[in-house]
Amino acid sequence: MAGAALAKRDDGLRRPWGTISAFLLPALAVYAALTAYPAFRTLWNSFHEVLPRRETFIGLANYAELARDEIYWKAVQNTFVWAFASPLIEVSVALLLALALYAKVPGARFFRIAWFTPVLMSYIVVGILWAWIYNYDWGPINVALRFVGLDSLARPWLGDPDTALPALIFVTSWMWVGFNMVVLLAALHSLPREVIEAAELDNCGWGGKLVFVILPMVRATVLNLVILSFIGKMKIFDLVWITTKGNPLWSTETVSTYVYKRAFEWTTFDLGYPSTIATVWFVIVLAAVLVLTRVFRLREKLEY
Amino acid sequence: MAALRKSILLLLLTGYTMFAAGPFVWVAMMSLRTTTEIHHDHFGFPDPAHWNKYPDAWFNSNYATYFANSTQIVVAAVILVTLIGAMAAHCLARYRFRLNRVIYFVLFSTIIFPPQITIISLFQILVQYGLYNSKIGLMLVYVAIQLPLTIYILESFFARIPSDLFDAARMDGYSDWEIFWKVAFPIALPAITTTVILNFILLWNEFLFAVVLITEEANRTLPLGIQRFIGDTQEDIGMIATGLMIAIIPVIVIYAFFSEKLIQGMTAGAVK
Chain C
1 MAGAALAKRD
11 DGLRRPWGTI
21 SAFLLPALAV
31 YAALTAYPAF
41 RTLWNSFHEV
51 LPRRETFIGL
61 ANYAELARDE
71 IYWKAVQNTF
81 VWAFASPLIE
91 VSVALLLALA
101 LYAKVPGARF
111 FRIAWFTPVL
121 MSYIVVGILW
131 AWIYNYDWGP
141 INVALRFVGL
151 DSLARPWLGD
161 PDTALPALIF
171 VTSWMWVGFN
181 MVVLLAALHS
191 LPREVIEAAE
201 LDNCGWGGKL
211 VFVILPMVRA
221 TVLNLVILSF
231 IGKMKIFDLV
241 WITTKGNPLW
251 STETVSTYVY
261 KRAFEWTTFD
271 LGYPSTIATV
281 WFVIVLAAVL
291 VLTRVFRLRE
301 KLEY
Chain R
1001 MAALRKSILL
1011 LLLTGYTMFA
1021 AGPFVWVAMM
1031 SLRTTTEIHH
1041 DHFGFPDPAH
1051 WNKYPDAWFN
1061 SNYATYFANS
1071 TQIVVAAVIL
1081 VTLIGAMAAH
1091 CLARYRFRLN
1101 RVIYFVLFST
1111 IIFPPQITII
1121 SLFQILVQYG
1131 LYNSKIGLML
1141 VYVAIQLPLT
1151 IYILESFFAR
1161 IPSDLFDAAR
1171 MDGYSDWEIF
1181 WKVAFPIALP
1191 AITTTVILNF
1201 ILLWNEFLFA
1211 VVLITEEANR
1221 TLPLGIQRFI
1231 GDTQEDIGMI
1241 ATGLMIAIIP
1251 VIVIYAFFSE
1261 KLIQGMTAGA
1271 VK
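Residue numbers (this note's numbering), protein chains in the order written: chain C, 1 to 304; chain R, 1001 to 1272.
If you are wondering where the hints come from, they were derived from the structure by calculation, not from laboratory data.
Hints are supplied without guarantee of correctness; some may be wrong.
Unchecked claim - Some chain C residues well away from chain R (every beta-carbon gap over 10 Å; in silico):
| no. | residue |
| --- | --- |
| 1 | Pro26 |
| 2 | Ala61 |
| 3 | Ala67 |
| 4 | Leu97 |
| 5 | Leu150 |
As the list claims (entries may be wrong) - Simulated crosslink set (PhoX-like; lysine-lysine; CA at most 20 Å straight-line):
| no. | chain 1 | residue 1 | chain 2 | residue 2 |
| --- | --- | --- | --- | --- |
| 6 | R | Lys1261 | C | Lys209 |
| 7 | C | Lys261 | C | Lys74 |
| 8 | C | Lys245 | C | Lys235 |
| 9 | C | Lys245 | C | Lys261 |
| 10 | C | Lys235 | C | Lys261 |
| 11 | C | Lys104 | R | Lys1006 |
Stated by the list, open to error - Which bits of chain R does chain C cover? Going by a derived footprint, with three or more residues having C-beta under 8 Å, they are:
| no. | stretch |
| --- | --- |
| 12 | 1104–1115 |
| 13 | 1186–1198 |
Each residue gets a CB set at the ideal place from its N, CA and C atoms; glycine is no exception.
Taking the hints into account, I'd like the entire structure generated from these sequences.
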């Protein structure tokens, strides 16, 4: 051991390829076997009909079918609505709450810890809980509506095609607002006090302070959270699966649930077509994230 | 005036707290009431409290198995991903070589991959290698899906350790492995704790890969188990509430003791 260390000391500045590959090998092996290879195999699958024990090359037939698949496009639309609505709701509500706590209210620590709780739960627990909250007969929302005499507004929130998707988006917001708030609050606390005090001295009101001083300084954090929330919602599966399974009338179908159904639920047994969906969706997600980061960076250049 | 504004603010904050915590309080109350009582009044106080519903739910289900499976799978996966991730992160932060940034980018970029791109093929591959429906198979997949985030968080931390420290260790005759294990790893412990917590929570709650890769009752993880329990109990909401609480309580207890650590862990990927 000592001899090896002695030998290495001399060429420490050179590139010790043996050491580097030893450190990287496990990670690269896991990556190659369980991420890269499966991803390429999905791409390969997408050009085939993949039945148990039989693969037939069918060229672009799956892609042609996908273009005509109305359920798929409905799922894409739903997922995009979710992925664009959620960051807006979550981050803006979170910002308001973070500012409220930043204003040194008593019990701020307690509020912060309490609000964060939902995000620690699994979507399974949260999904069942909210399915009850949205229950037509005895869910607290309908009970409250009936109590104040608004019986006409009471409805099966998850059973009505018009309200099912918004109702689920509301659940993810309930879950994630606390998370976003904590991150924003940390960002607010890391701001230099002098700048805010200077703004106060300049007789800058709360609104002015917010728009001209605080917001520009926490911009990086806000954008980060927006992208994080966006990516999370593009993947959403658990909550839908445990509550509506994409019903009613595909109104809550997301790409994730649709891929799962086509691969493992429908009795077609073909893994090729769902792989095509996955491949196309992969390209769409990649493009969306690239565009999003691009747009944000562009804005940054324009402002400064 | 200031006092008035403050009390309005406090009222709003309390309101939001009720909104955030209310569902938990509700399910906790229902968990102590029988289904008949609940159907009589869904928002009643548990009077008398039926504590025996907890042992009932526990013994009439396979919760013990689900907890054991989740613990085994998640603990093994977290240990592996931490070790593998830390080694890779240390290497990428410490050694300068061609392809360094390429490898980092390739590993890191998988964070945005939608799970569908790998899940169907992983199903095929695990079936092929006899790892389908096995805890080891799911555990390996968990290592793979948490690896990018782990490397991302640790790399940025390792990169901030001054390299003088490593040069000194090298002078003292430490080998490359010893430098990693005895110098870098202990210094990075706060960051490593963070990734351990984050990975633990995310994997403990993981559902999609589990539902695809595990079907056998004996291998079900907790989220699958809860789903199963609900399927079995059907309309017995009182029992379901108790079942839910059994899943919620451990999280709340751990959170009560380590709230700051947990918050720090969960937000690690988001803070800039």
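Consistency of the hints with the structure:
no. : hint                   : verdict
1   : Pro26                  : violated, 4 Å
2   : Ala61                  : holds, 17 Å
3   : Ala67                  : holds, 18 Å
4   : Leu97                  : violated, 7 Å
5   : Leu150                 : holds, 18 Å
6   : Lys1261(R) - Lys209(C) : violated, 32 Å
7   : Lys261(C) - Lys74(C)   : holds, 15 Å
8   : Lys245(C) - Lys235(C)  : holds, 15 Å
9   : Lys245(C) - Lys261(C)  : holds, 9 Å
10  : Lys235(C) - Lys261(C)  : holds, 15 Å
11  : Lys104(C) - Lys1006(R) : holds, 10 Å
12  : 1104–1115              : holds (count 8)
13  : 1186–1198              : violated (count 0)
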